[in-house]
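Student: Chains as they are written, first to last, in my numbering: chain Y, 6 to 384; chain L, 20 to 274.
I should point out that these hints are in silico values taken from the structure, not numbers from a laboratory. Honestly, I wouldn't trust all of these hints.
[Stated by the list, open to error] Lysine-lysine pairs mimicking DSSO-like chemistry, simulated, CA-CA at most 27 Å apart: (1) K347/Y with K226/L; (2) K347/Y with K131/L; (3) K168/Y with K29/Y; (4) K350/Y with K133/L; (5) K223/Y with K213/Y; (6) K199/L with K372/Y; (7) K59/L with K352/Y; (8) K237/Y with K199/L; (9) K142/L with K237/Y; (10) K226/L with K350/Y; (11) K149/L with K347/Y; (12) K93/L with K372/Y; (13) K133/L with K372/Y; (14) K152/Y with K181/Y; (15) K90/L with K59/L; (16) K142/L with K347/Y; (17) K133/L with K347/Y; (18) K352/Y with K212/L; (19) K142/L with K350/Y; (20) K350/Y with K131/L; (21) K372/Y with K41/L; (22) K372/Y with K131/L; (23) K59/L with K372/Y; (24) K237/Y with K93/L; (25) K131/L with K199/L; (26) K237/Y with K133/L.
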Amino acid sequence: MENNKVDQFMDIRAATVAKMLEEKEKGMKVVGIYCTFCPQELVLAAGAIPVGLCGTREDPIPAAEEVLPRNLCPLIKSSYGFAVTDTCPFFNFSDLIVGETTCDGKKKMFEIMQELKPVHVMQLPHRHKAGASLDLWVDEIRSLRTKIEEELQVEIKDEEIWKAIDLVNQEKKALKEISDLNRNSPPPMSGLELLTVVWSGGFSFDKKELVEMLSELKKTLESREVDPESAKKPRILLTGCPVGLGSEKVVRLVDELGATVVAMENCTGYKTLELRADTSKDDPILALAEKYINIPCSCMSPNPYRMDLLGRMIDDFNADAVIDLTWQACHTYNIESHEVEKVVKDKGRPFLHLESDYSSSDEESLKVRIEAMLEMIEK
Amino acid sequence: MITVGVDIGSVASKGVLLNGEKRFSTVLPTGWSPRDAGEKILSTLFRESCIGQHEVGYIIVTGYGRVSFGKADKTVTEISCHARGVAALCPEARTIIDIGGQDSKVISINEKGKVLDFAMNDKCAAGTGKFLQVMANTLGMDVAELAASEDPSETVTINSMCTVFAESEIIGLLARNISKGGIIAGLHQSVGKRVASMARRMGAREKIVFTGGVAQNAGVRRALEEELKRIVVVPEECQYTGALGAALLGIETRQ
């Protein structure tokens, strides 16, 4: 019975596809997004549906490699592959795609993607600090507002943005509360369950419904009977590149090897969950800009908030070890791993940097590394 | 108590049986079936030590074939086993460089043989025994003959990391009549460089102990010493440290 609550999240994607088919007929507009930097509040304020696009599976990568170089991160190849093979229903439904210049690979890929759909690319500055970077980002968010208004033939009113801000803040709060339940020992959710819930939420059709689902799930999990023996399992904090269903192999291997991924700092997980738009501002665009520019993605330079967040998460979730999973050719995360290692080692915890892609070819070698790290904890 | 450690590697399988002060060890090619190799290791050990399986208190299996071998009481990764085995043979060891058939690894340990950190390369043949084996084939030699045939005074730098490209590079060098001894020294240098950079990232604290099948190659040891500018020790039982560690961990697990 209680498990069905998590399974419900597995069904979100399929349910959204069915609903979108119906609503698109009636003129509903859809905006496809790839990244947490996209201020989805503007999409909601336009009366459209913001939806996450596919990019976490290996399947369409060979098709993408007909156009893109092989030595590129699997997330970019998968995203483009899904689009070009028309196998992502959400891409198909989208009236507009929003991308950001989070890395060189993505920004150049988005140029090619324009052949398939209208793609609006936001120029993301690479400093968190106020000043020219923030000014640029405010401008970019204003441009996105205009772009959405033009493409979808709507007017986005400030009051609607404030309502959307409130809704997204609620969503983040609910996701954070669910994630924080795993601070408990034993953790109520396995790593795969945690991933299923937080990742699937990005495909929901109706955020209000999602917030309700999350609050229901929270109640169920709070009273969930967890095997007390599982409190003995090593507690792993996962950080690094985004992970979704289809690229969950490390989360699964950790579970299979008798440990639990209790928290994920990556952008599909906890990275953005503390960030809220400040509703006391006069200008909603400025409120959004200040929120989004603080996302501690490795594309930001320097990126101190990520290190601060990681340090706190190690303590809050009582992590026994940290795995930094970076996708092949993701330079910023791969390089930043050096800083992450220092944070983790300063805390006296074992640290494991894994570089991989979406294929299953390296599962055995990943396994031996993860197992060896778990053996370091047991001693 | 009698314990056995079995280390099923990609090229060779090793076994150590501990019976009090007495130690028996054996090595066999793994072949295509890691499971059969493990079985053979056990039967050889039992035969040589005149001990029956029922007398054995604990069996730990390690190495890449550990998962497919059903007869073990426990599986432990080769990282932990090498650390334990090396600590027993050489208590002053702080860094272990292990180069096997399909991977190379560097393990940082404390005085008790506890793993403090490790790094592994197994996504690519560069810096592994496989690399040397392929190159030996290209040179028309057996991999065991490489060390004796090298000429470090004429070392030719091999630029390609990739095994396939390095093979073409060597064919090109041979076509230009470059001495075989110089090429071989270059191959050892290539493996040494690759693995030494991994060791430096880990701190390369002394003593540095070199194990695994490739540790039998004095040319690679020489290259590692040159790259690290430190003395690199090769224990006599360099191929058995994983299996020995497994057998020792068996005693500790049982106690």
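Student: Determine for every hint whether it applies to the structure shown.
Tutor: For each hint, the structure was consulted:
1. K347/Y with K226/L: Roughly 24 Å between the alpha carbons, so the hint for K347/Y and K226/L holds.
2. K347/Y with K131/L: 24 Å, holds
3. K168/Y with K29/Y: 23 Å, holds
4. K350/Y with K133/L: 16 Å, holds
5. K223/Y with K213/Y: 15 Å, holds
6. K199/L with K372/Y: 39 Å, violated
7. K59/L with K352/Y: 45 Å, violated
8. K237/Y with K199/L: 57 Å, violated
9. K142/L with K237/Y: 32 Å, violated
10. K226/L with K350/Y: Given pair K226/L, K350/Y holds - Cα atoms ~23 Å apart, limit 27 Å.
11. K149/L with K347/Y: Cα-Cα ~33 Å, so violated.
12. K93/L with K372/Y: Given pair K93/L, K372/Y holds - Cα atoms ~16 Å apart, limit 27 Å.
13. K133/L with K372/Y: 20 Å, holds
14. K152/Y with K181/Y: 31 Å, violated
15. K90/L with K59/L: Judged against 27 Å, a Cα distance of about 12 Å means the pair holds.
16. K142/L with K347/Y: 25 Å, holds
17. K133/L with K347/Y: 20 Å, holds
18. K352/Y with K212/L: Between K352/Y and K212/L the Cα gap is close to 32 Å, so the pair fails against 27 Å, i.e. violated.
19. K142/L with K350/Y: OK: K142/L and K350/Y at ~25 Å, within 27 Å.
20. K350/Y with K131/L: At roughly 20 Å apart (the allowed maximum being 27 Å), K131/L and K350/Y satisfy the hint.
21. K372/Y with K41/L: Not OK: K372/Y and K41/L at ~34 Å, beyond 27 Å, violated.
22. K372/Y with K131/L: Holds, at about 25 Å.
23. K59/L with K372/Y: Given that 27 Å is the threshold and the Cα spacing comes to 26 Å, the pair holds.
24. K237/Y with K93/L: 19 Å, holds
25. K131/L with K199/L: 43 Å, violated
26. K237/Y with K133/L: The given pair, whose Cα atoms are some 21 Å apart, holds under the 27 Å limit.
Of the numbered hints stated above, those contradicted by the structure are hints 6, 7, 8, 9, 11, 14, 18, 21, 25, listed in ascending order.
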